[in-house]
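Asks: This is what each chain is made of:
There are 2 protein chains.
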Amino acid sequence: MFKVTFQFESGEVVETFATSGENLLEVARKTNVAIDAPCSGNASCGKCRVKLMGGELDSKKTRHISEEEYEQGWRLACVSTIEADVTVMVPDIASAYRSRMKVADLSSQDEVAIFEKTKAGIEEAGIALHNSLRTISITMDIPTLDDTMPDNERLVRALKKATGAERVQLPYTVMCKLPDVLRASDFTVQCVLRTAANGHIFVYDVYEKDADVVIGGLAIDIGTTTVSGLIINMETGEIIGKASSGNGQIRYGADVINRIIESLKPGGKERLQNAVIQETINPMIEQMCRANGFDPKHIYRMCVAGNTTMNHLFAGINADPLRMEPYIPAFFKTNAFYASDLGININPDAHLIIAPNIGSYVGGDITAGTLVSMIWNKPEFSLFIDLGTNGELVFGNSDFLMSCACSAGPAFEGGDISCGMRATDGAIEACVIDRDTMEPTFEIIGESDEKPIGLCGSGIIDVISELYRCGIINPKGKFVREGKRIRHDKYGMGSYVLAFQEDAASVKDIEITEVDIDNFIRAKGAIFSAIRTMLSSLDFDISMVEEVYVAGGIGSGINMENAVNIGMLPDIPLDKFHYIGNSSLSGAYAMLLSTEAEKKTYEVASNMTYLELSAVPTYMDEFVASCFIPHTDNSMFPSVTLK
Amino acid sequence: MFKVTFQFESGEVVETFATSGENLLEVARKTNVAIDAPCSGNASCGKCRVKLMGGELDSKKTRHISEEEYEQGWRLACVSTIEADVTVMVPDIASAYRSRMKVADLSSQDEVAIFEKTKAGIEEAGIALHNSLRTISITMDIPTLDDTMPDNERLVRALKKATGAERVQLPYTVMCKLPDVLRASDFTVQCVLRTAANGHIFVYDVYEKDADVVIGGLAIDIGTTTVSGLIINMETGEIIGKASSGNGQIRYGADVINRIIESLKPGGKERLQNAVIQETINPMIEQMCRANGFDPKHIYRMCVAGNTTMNHLFAGINADPLRMEPYIPAFFKTNAFYASDLGININPDAHLIIAPNIGSYVGGDITAGTLVSMIWNKPEFSLFIDLGTNGELVFGNSDFLMSCACSAGPAFEGGDISCGMRATDGAIEACVIDRDTMEPTFEIIGESDEKPIGLCGSGIIDVISELYRCGIINPKGKFVREGKRIRHDKYGMGSYVLAFQEDAASVKDIEITEVDIDNFIRAKGAIFSAIRTMLSSLDFDISMVEEVYVAGGIGSGINMENAVNIGMLPDIPLDKFHYIGNSSLSGAYAMLLSTEAEKKTYEVASNMTYLELSAVPTYMDEFVASCFIPHTDNSMFPSVTLK
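Protein sequences appear in the order of chains A and B. Position 414 of the first sequence, counting from 1, maps to 414 under the UniProt record's numbering, and the rest follow consecutively. Position 336 of the second sequence, counting from 1, maps to 336 under the UniProt record's numbering, and the rest follow consecutively.
One chain only, chain A, in its complex shape (with noise of 0.2 Å):
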């Protein structure tokens, strides 16, 4: 056994043992040490870096890594192995996911106007915000000698009185504090109840007569990098509590594929659901209950919304066929799923409802968010585009919707790109680049002093655009103007410095290299000719996109005006793009809070169709015309040639 020792820059040090030959990655992931590994373990990303700072370690070199950094100390954890004892440096832009995971601020105006807003776009569109949760008040006869009948036939009879039921249901949580809350209140109690469709009532919980009660709600949206929660009251909608942590899942992979290869490992399924439930959910619910002094188990129906990989590994069930030739999922919609399956720390006999996928690719997320876009409510042609690892667009109208998705790749997220970050404290999210000293101008997440540590998605798009703008870069992204912030390497590489090592927190200077733009303008193209696929397999023109919803927390710095001008974004007038937030979460809530909502959302996915664009043969033609910025037909960017 060796002794293995990891440094953090904030001082922390954490020691564990491991064996000759272990993975350095591995033994990170079994000590909870955070090393982010968006290709989980494949030497194909190069986030895992760290620094060697005393004994030794077996590491292979790759490209990831320069000789320079190699003799510095630098490795990728995952090509490491352990073969003495070891310390090694953490850095906080590889463990930045969980220690520094920009959480979401919910109780910004803006956030609480976003679910104001999808209440009353609801409402407008004739949908109740009424669930089959309630709370009654029940008083029953006091036993006597001559009345014995015992304490559920009692409560149940009474029930049955008041509303008319045919059946009453009680669980055994209900059963299990009956005699005690009875003999507490004398028998007058509140309960809480849901009514089935077929009138048949379930009691969820038994109150004293003079307790407070407030129905719990918790909704969820899963995200392949970040869960966001809320618990609301189910009776009035308001929202209780508000929470967003990191997807504990991100150590196994940055994306559904590679969790996927996880989750297939022995125990994997476990590990997956853990990391999600265990690791993320579970704290996030303590966590809202703690801040505002509400009993989980008070906490009676649960909404998840996620892409479709993200549903399966919750509920610990095997994704593989998703990514396997024909591409079946275990389930679009399930009503099998409660608290106590899954081990969610709420009242044990709550129901989940998910969200439902239209197909593997298209899931909970995309429907819920749909939902709440209200374009299956308008005679507008409208685009809803999620923007995550993965890109989701839907179009159409009340009439028809279709929908498609397509790979962007962790680009959008920081990922390839080699200064590249999430959205979390230090990351550079926006930029002005001054057409003629070409310095850059930058807004950094976080404190008003902080120096910036990597690049952002938001940020990246503000880079390139006002690098092709100020015209150090070509439509394919190639450095064209020199100058002390633009630098070649042997091969000719170009890059462009944003912050030179002592201006920023990093270890390095802070750049972005053409092998960064050029993957990011595969994302983007992506992205784009997803949306001329789509369109024209319907034979529609961009021209006639009426209005586009953007979606998604990588979206929330997003600058529509960058994002059409590297031809990411159609080029229709820039008020036609709204941003509507985490639609996902939102979506979520609005099920959660409203039977119809929640039967509109089973019917909009049911009405959706789906284009698999890899089955469309014009699509790669659409892809690599969409390479450039911002595509190799201007044409179809007019307001962009024009500056």
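Since the hints were derived computationally from the structure, they do not count as laboratory data. One should not assume that every hint holds.
[Claimed, not checked] Per label pair, the in silico range of CB-to-CB distance:
hint : chain 1 : residue 1 : chain 2 : residue 2 : range
1    : A       : G199      : B       : E124      : 37 to 43 Å
2    : B       : K177      : A       : R290      : 32 to 38 Å
3    : B       : N335      : A       : Q278      : 27 to 33 Å
4    : A       : V624      : B       : G343      : 58 to 64 Å
Note that CB positions come from ideal geometry on N, CA and C, so glycine has one too.
Assemble the complex: chain A is given as a structure, and chain B must be docked to it using the hints.
Replies: Here is chain B on its own, set in the frame of chain A:
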């Protein structure tokens, strides 16, 4: 902290630590050292004797330990507190229930015959031996790129087509294995189904097409003293496995009242529930399954029969209202419990049927037992007696049924008897005394060369009957002959020595005292006076009883003639008595196997009236009159008087 050492006669040693002032019995409980304490540590039963071997122990003196015994080191654990390091010896008799509990030999021909008889009797009554579970083989279309229906919808569609059901429910456990089983088995699978009364289908399990599917069911009789169980094949009724074990709750008290009191202490409900489920039922399930190569997850239904207190404590539900006026149970019947709710290690979705209670003192053991006694289906006026710690009676025929319960106390099980013990190895279970020599001949449970340890219930009946027949005791139970086996203590209290210490495996002579006889007379008097009182309340005379069915584990060795001789059972022709074994277990078996039998039990229960004996003014007089051998009114026992 002081060191506490428990030594066993077997040579085994258990060591633990305790703080000053801790109660020795509590220390033993925490350490899982089984010391029998039928009175739950109230110093009233005198069963928790241990012998001080070294160190110090602060023990109160009690009437149960003579001066001489105290000198020898004998102490009651329940009145001993730790004040220093101490070593005590735990005699076999004190730990008898756990280490030496005789397990009912269910594999014997007698026992199999009882279940065959149960089945036959039920079928004769026109009740179908059929339940709602079955296996079905289903072949689905194999998915293609043109047929991308998800797994759950595919199976549901196929099941609807095959069964005509309107609704099919797949629970979480099935969803979890579905993708794997479908693909491993080319979309032809076997399903275990339950068809509800409304035609809806619940899928318990899904197996590969070639699997050997056996639908398991579990019948459990939770006796206050002994728990018995069967695993059966739900489609054939065949018995797959059998087991029996002491109820782990015994260490919290021998009778229901002491257990309820124990359950009211902090954490008490959980402790008592754990004792019967985690420590008793789950190990029995494991044992039965291991011995028969059966997977416990293939048990999809369970039926429990037990008295009202037992099924409340089993469910972890407050049983205190059962012992307090107006004596209201939490439930008579309930369909609210599933295996996963109670932590029973079978299929988590297995539904738990509970034989219905009809009141606080007549529970599911009696309703299930009444079912299989078949007295509800006969024109003859029949009496069903379940002899346990509580004695319960049901009288009637196909037109009416009346029940009552009396507290017989622990005497039938060897409690309150100085050399009494439960019916385990080493117990004298039958006895004949020579009228001239007064020498006894007896049968001992266990190996043929075993020396006696004590006296169990059936043995006590025989001894008292023989002592009376031989004129050694008078109708009041006082000794009236002298001899080498007859002794009197300094207060003149007589006793009869069954085995001198040198012929016994006991630490002292095995004898029966006038106090023992008196205790037993009160127990048999409780039963007989209950019979009389219930019959009188219906204007029936004992001679009108046409059949008597005696049930209960305690009854297995019972000599009916001797039981009549001492005035415990009514003096009717001996061929009218039928021993029907553990009718609670065979009733649970019937309810499990047959949905109609289950319904019939509810019907029998709801038609059964209950007589509260304590509310009958003449009951106390009847009881007093019954506390003689055979009775103060000898005319009730004409055959006995003739002997």
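Asks: Are the hints correct? Go through all of them and say.
Replies: Hint by hint, here is what the structure shows:
1. G199(A) with E124(B): 37 to 43 Å: 41 Å, holds
2. K177(B) with R290(A): 32 to 38 Å: Cβ of K177(B) to Cβ of R290(A): about 36 Å, so the range 32 to 38 Å holds.
3. N335(B) with Q278(A): 27 to 33 Å: 32 Å, holds
4. V624(A) with G343(B): 58 to 64 Å: 60 Å, holds
Consistency with the previously given hints is maintained throughout, with no hint failing.
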